[in-house]
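K.L.:
First to last, the sequence lines map onto chains Z and C. The first sequence: position 225 = 225 (the working numbering), numbered continuously. The number in the working numbering is simply the position in the second sequence, starting from 1, with 1000 added.
No lab work stands behind these hints, which were simulated from the structure alone. Misleading hints may appear alongside valid ones.
Claimed, not checked - Selected chain Z positions facing chain C (Cβ under 8 Å, derived; list incomplete): (1) Glu11; (2) Ile99; (3) Asp102; (4) Met141; (5) Ser145; (6) Arg152; (7) Gln281; (8) Ser302; (9) Gly316.
Claimed, not checked - Computed cross-link-like contacts, BS3-like style, restricted to lysine-lysine with a CA-CA straight-line distance of at most 27 Å: (10) Z:Lys312 <-> C:Lys1107; (11) C:Lys1073 <-> Z:Lys329; (12) Z:Lys282 <-> C:Lys1107; (13) Z:Lys307 <-> Z:Lys329; (14) C:Lys1236 <-> Z:Lys339.
These figures come from a predicted structure and were not determined experimentally. Even glycine gets a Cβ: it sits at the ideal position worked out from N, Cα and C.
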Amino acid sequence: MPNLLLELFSEEIPARMQSRAAEDLQKLVTNALVDAGLVYESAGAFSTPRRLTLSVTGIPATQPDTRDERKGPRVGAPDKAVEGFLRSAGLTSIDQAEIKTDAKKGDFYIAVVESKGETAEQVIAGIIPTIIQQFPWPKSMKWGSGNLRWVRPLQSVLCLFGEGEDAKVIPFEIEGIISGNTTSGHRFMAPDEFVVTDFEDYEARLENARVVLESKRRQEIILHEAKELTFALGLELVDDKSLLHETAGLVEWPVVMMGSFDETFLEVPPEVLTSAMKSHQKCFSVRDPKTTKLVNKFLLVSNLEAKDGGKKIVSGNERVINARLNDAKFFWHRDLDVKLEDQMGKLDAIIFHEKLGSQSQRVARIEELAKKLAPLVGADPEQTYRAAKLCKADLVTEMVGEFPELQGLMGRYYALAQGEVENIAKACEDHYKPQGPSDDVPVDPVSIAVALADKLDTLVGFWAINEKPTGSKDPYALRRAALGVIRIILENQARVHLGELISSHLDLYRNQPNSGLSETFDSQNLDAFFADRLKVHLRDRGIGHDLIDAVFSTSGGSDLVATVKRIEALREFLKTEDGENLLAGYKRAANIVRIEEKKDGPSIEYSGEVDKSFFEQDEEKSLHAELQMARATAAKALKTENFSAAMAAMAPLRGPVDLFFEAVTVNADDPAIRRNRLCLLNQIRKTLGRVADFSKIEG
Amino acid sequence: MPSQSAPCDLVPQRSFQGLILALQQYWADYGCVILQPYDMEVGAGTFHPGTILRAMGPKHWNAAYVQPSRRPKDGRYGNNPNRLQHYYQFQVTLKPSPKDIQELYLKSLYALGIDPENHDIRFVEDDWESPTLGAWGLGWEVWCDGMEVSQFTYFQQVCGQDCSPVTGELTYGLERLAMYVQGVDSIYDLNFNGAEGDNRVSYGDVFLQAEQEFSRYNFEYANTTDLTRHFEDAEKECKALLEAGDHEEIHLLALPAYDQCIKASHVFNLLDARGVISVTERQSYILRVRDLSRRCGLAWIKTDAGGVNA
């Protein structure tokens, strides 16, 4: 079956957009093919800085034919109806319609519209221009005098369809670009146009013309060459996946070379050197495997096999790297000359958020909150206070100004350099953690207190000015902050009462003179957000949202540690046979009470006390006794937060509940007895409700 | 290549002025109008009416020129080998952007003696936005062996106006490029005139004193009370001219109004360097200049060069 080869050749596509664009191209074209009835065998998409390429194999040569019957009026219907039918079916005379016999309704006309499937070439010529015109680039532009939008000017389109040598160009035009069977090689090493016959030929000719089509292969080449170069010197590449991916998107023909920088720069912290080489120059760092320390070398990925073997390229890059590292060293020394507390003044001038005040006001709030948190998480109050005070000071250092990604880390270095104790310095870095779901949470109590204070301050603040995340928009990363709070609390088993912290922190904001809080702030709203985030977090660990609801509606969920313990105990209990049956019994009891209450009218409720004197059967008595026992045992267990024991206290109810339903008729003739029995059933609901709200549990 | 026929002193690898002359020659050969620098203080070559205003409207336009650019905050009293508060940009604007604009640009580098067989030249994503000019575009910074030597932008919007046709803008950072081709590590060591021995004039000979004095002025001596008033005067004048020149279908004072907009922008930069503008005020100043530039854009498209009669 025929194959399709499509190449969209353009000026340099930003590295960060290439993979996604290749995926989008594949998805858009193959979906359109399938929608048109052309089911293909396989597809693959590729990207380089200058091209997006799609190869689809095994496409049927034509669309399947279709037959469509349209029902018309009955035979002998008025002329008007017949005319209308002819018009709508596209017929000129009623002779062209067929007559269908129907014994019940009588004969009627049908129009049969048969359409021949189009050839795949026709279909493809139709879909590709639209896909190009509507391509979902994150940012696109116009150029010259045209109206087409692409990520950068689109220069040519190659579109071949068929098998092997017989493949032909599918002709179409988009804004003056006519599809063809040619492409070009490497911009500098093989710029000439050449003709292509099919995908295999295309890939091979590109390789000849110094273009490696597949990003994955370019990455492999870079990695391989980098490792060889470092290994030869007894050194080791500092792995960096994102940099590898990016550099593979900046070249069509990767050539890795090694350069050196002035050894004196090694006095600067290694993270600074790596950042400077990576963010500005896209170069890899190199270390000594024995000491794991950086050495004064770097690896660059060029796009050229230079005539001089790369001498000029290496020396040019060395000059730029030396200048960059010289700047970094300069910043390092400048910053070391100023104590962190003396940097703080500059925080006054930086607005954290227009409605929430300056960075120094923010620091003051974090200090207050961290002070409150310190005893709750077992942190030394003096150290916590000091750490909170210094934690944002590095934001105004020269180094962080130049390399924002080093915030926190530089705080730690500068704190250590001015003689702060280790855990204060560590908190300057770790209070930003966790930065994402896979990042570690802080474990030192001082860091825990400051990290919680920092995140809660942000959450309460943005909630108070009504800047909440909506849909996919979360510009202040509030979801991440909330998840961070949850993970820090749970993973450190920190016993804090979130609700109280939130409302007292809100008062701090209220007392701040220049804050622009929204009138409608509702702290419960923030509690609900935490509950939602907790659900997401626990769902990822395989715990259903219904269990979370069941526990939240009983305990409120402000103490996350206790809440999760209770949820886990509930989950374990429901896994047992007793738990499962008791849940069924609970549902049955609750249903009966609800139905009977509804039947008896709006003013009737069976929430009252049970009167033992109305008991007629043993099953009632024993259920009543067991309920009382369960309640007492559960209450005791809950006091010590022994949630498993509280759940276990419910287990013996299963037998009496089952027996009750087997032997007792709830709807007794005597209304007083009926009422009493309904109240007893309601006691099941109430008793179980001590440990969790079973009505929320599904299944 | 033009550089080879130039007298020895004017080879781009030997002299700063030779580099400028080579670029002018190259783009003149292409057919550009070679303009002279605009006679006002601007932060970048883009501010020259030959770029920003000509980028609006339907008329075609190819121009090239050197523009001294002033960034008061970047002054370092002549102590930093890479940073200046006054430097040169070489600016090329091609409207509509030709299909082979990248090739044209690369050939201009070859004309400066940068050999593509031995140098790694790369187009690295770098989008451009000017909040004060209400302008943005997509493009790249061009790297030569890891050094950024030019800025390459396809204008999409200018003074709030959508660009059609699109202008391609090439900006060469001349000092940096010269440092590269001359192989020196400090701007001040650049050979300016290409002569050797007693006749050699360095970039430092020409500009070091100016860097020191203007750094003092920008950071210490500029009279902020007067400057604040200058800003307001320029803003007022700009608005008055925009109003006076507006005759429904056509505008008669777009260029003088735009001059006032440039003036306001530079005064704002000076005030900013003096550190007297708070964060919130800063945003409001930017918005005020942006509003002026937007209105100048509306005026421009009602002029002949802006295409009102096209």
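K.L.:
Going back to the hint list, which numbers does this structure go against?
P.N.:
Of the numbered hints given earlier, those the structure breaks are 2, 3, 13 and 14, listed in rising order.
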